[in-house]
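Number of protein chains: 2
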Amino acid sequence: MRYAIGVDAGGTHLRVALVDEKGNLLRKEARVVGPSRDPQLFFEQINKLIKEVAGSSLSKLAGIGLGLPGICNQREGIIHQLPHYPTWKDVPVIEWMRQKFSCPVVFDNDANMAALGEKWKGATQKFSSFIMLTLGTGIGGGLFLDNKLWRGEEGFAGEVGHMVVEKNGRQCACGNRGCWEMYASAGAIPKGTTAENLSKEADQGSPTAKKFWEEFGNYLGLGIANLANITGVEHFVIGGGIAGAFSHLIEPAKSVIQHSTYGRLAEKIVLLPTALKGDAALLGSSFCVLNSKA
Amino acid sequence: MRYAIGVDAGGTHLRVALVDEKGNLLRKEARVVGPSRDPQLFFEQINKLIKEVAGSSLSKLAGIGLGLPGICNQREGIIHQLPHYPTWKDVPVIEWMRQKFSCPVVFDNDANMAALGEKWKGATQKFSSFIMLTLGTGIGGGLFLDNKLWRGEEGFAGEVGHMVVEKNGRQCACGNRGCWEMYASAGAIPKGTTAENLSKEADQGSPTAKKFWEEFGNYLGLGIANLANITGVEHFVIGGGIAGAFSHLIEPAKSVIQHSTYGRLAEKIVLLPTALKGDAALLGSSFCVLNSKA
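Listed in order, the protein sequences are those of chains A and B. Residues 5 to 298, numbered by my numbering, are exactly what the first sequence covers, in order. Residues 5 to 298, numbered by my numbering, are exactly what the second sequence covers, in order.
Excised from the complex, chain A in its bound form:
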């Protein structure tokens, strides 16, 4: 049996797991920690947790897979940039990791890794094309087209959260206005509350909370309809921290998708909740190590 370390480093969480080639998570640790201004500091935290989780298996690893919250250029082994962290510029991930670990290291955007996870062990095992959407701090996108990830010409694909759906709309931290993620991610949650609270309140019948999720779901549907019209992809998986509110989102989203997707594509769109929850990117990054064809 071969083993990999999978890492899922999101905007506000860090998860590390030891995974075998059947996709079993043998050991898993999570920390509430996001990237810091100093990328080296962040990688020190990652590396510490890797060593902790790997334990005595460290020397026998098939490799380490990293799902990272930034724009990853795999040809050059660097993270081009990280949202909201201007100090991260062309961070040499592979070089830094090679200095610390002797096993192979692969990396990719966390939404891409989540897509690979869902394909391997999750909701989309039988689909040759789908789009993974991670609703978290923002909206990440993983485009899986014709049995492989489509990463764009230089790794920039999947920044779906910055698709403008409302010209001159809400101000986004990226500097632009009307970005999708200002309406259908944590960016849409009012200050002073959380997605969990709003979900609980909607469960209990609060009209305000229900109204919030309805609008959130409508915008989610609008963006999905846009993605479908552009790419002709019919299967969408919803993951990320806010996926827990899927039951509140699904009907409002479907209703807008039905109306906004062009022609007969509308009736073909399928929305799936993540089957792996917080483990999607962990499994995907392990898969990248254990199956080098990815």
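Hints are computed from structural coordinates only; laboratory data are not their basis. Check the hints yourself; a few may be wrong.
Copies of the same chain look alike in the list, so a pair counts if it fits in one copy or across any two.
[Stated by the list, open to error] Using 27 angstroms as the maximum straight-line C-alpha spacing, the simulated BS3-like pairs for lysine-lysine come out as follows:
| hint | residue 1 | residue 2 |
| --- | --- | --- |
| 1 | Lys195 | Lys64 |
| 2 | Lys130 | Lys93 |
| 3 | Lys32 | Lys281 |
| 4 | Lys171 | Lys52 |
| 5 | Lys93 | Lys258 |
Position chain B relative to chain A; hints supplied.
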């Protein structure tokens, strides 16, 4: 030398050409005619013009390639639907053509055919990935990714004109509001004038016409930025009837692209005018016949 007939049937034009395998247009005819409610009537017009252009070469053709203004399902040999023509439903193109012609017949969406034309003999010969945009009655999109057309799971890819860029915006004929093509295609041209007139007026310094193209270009740029953020594609070719106004559009479009494309992808975006003008889809559909790998 092998010869093909290429057909470009758009919303308001029909063009047919005899093309050799080097990409020379040996004979070309054009008619101002669009699809009619009765699809059979439209194909009779197409077939008449094919016979006229092919002449004595008809019996020696390598095949006929059709660029058609609808959603094409190549596996089933049908047009699923045509914008604004509800009477067109699963039209059996291939079956109909086989009844009339003995040579092989291939078909695809006109924007896809234009993309193949630009790749073969036009603006994008050296690029492995690009998006073709045809600005005409609406906005057609051809996604050329990693050296091949991406048609979606069932041929629905590329309906980029129906991407919503302004929720609750202008009413589109598709039934939705705020579709991109209501702002950056003939759909944005005020009644009583034409793109040619507005172009001429802008050339002559008219502030109203200049303002019109500035806004048009801004919206063009907004949609391109969205496409870039989603797909990570960096090269865009602008064709179609309105491509003649490229010089008026380019700067306003670039300025919005610079601002709305996420992160460092912004500096990588390249906008190219069509190198083939009205011949792009004719050449692409001929290429489909003469090079069966497409």
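Evaluation of the provided hints:
{"no.": "1", "hint": "Lys195 / Lys64", "result": "neither (46 angstroms within a copy, 72 angstroms between copies)"}
{"no.": "2", "hint": "Lys130 / Lys93", "result": "neither (38 angstroms within a copy, 29 angstroms between copies)"}
{"no.": "3", "hint": "Lys32 / Lys281", "result": "within (14 angstroms within a copy, 58 angstroms between copies)"}
{"no.": "4", "hint": "Lys171 / Lys52", "result": "neither (44 angstroms within a copy, 46 angstroms between copies)"}
{"no.": "5", "hint": "Lys93 / Lys258", "result": "between (39 angstroms within a copy, 24 angstroms between copies)"}
Hint compliance for this structure: hints 1, 2 and 4 are broken, all remaining hints hold.
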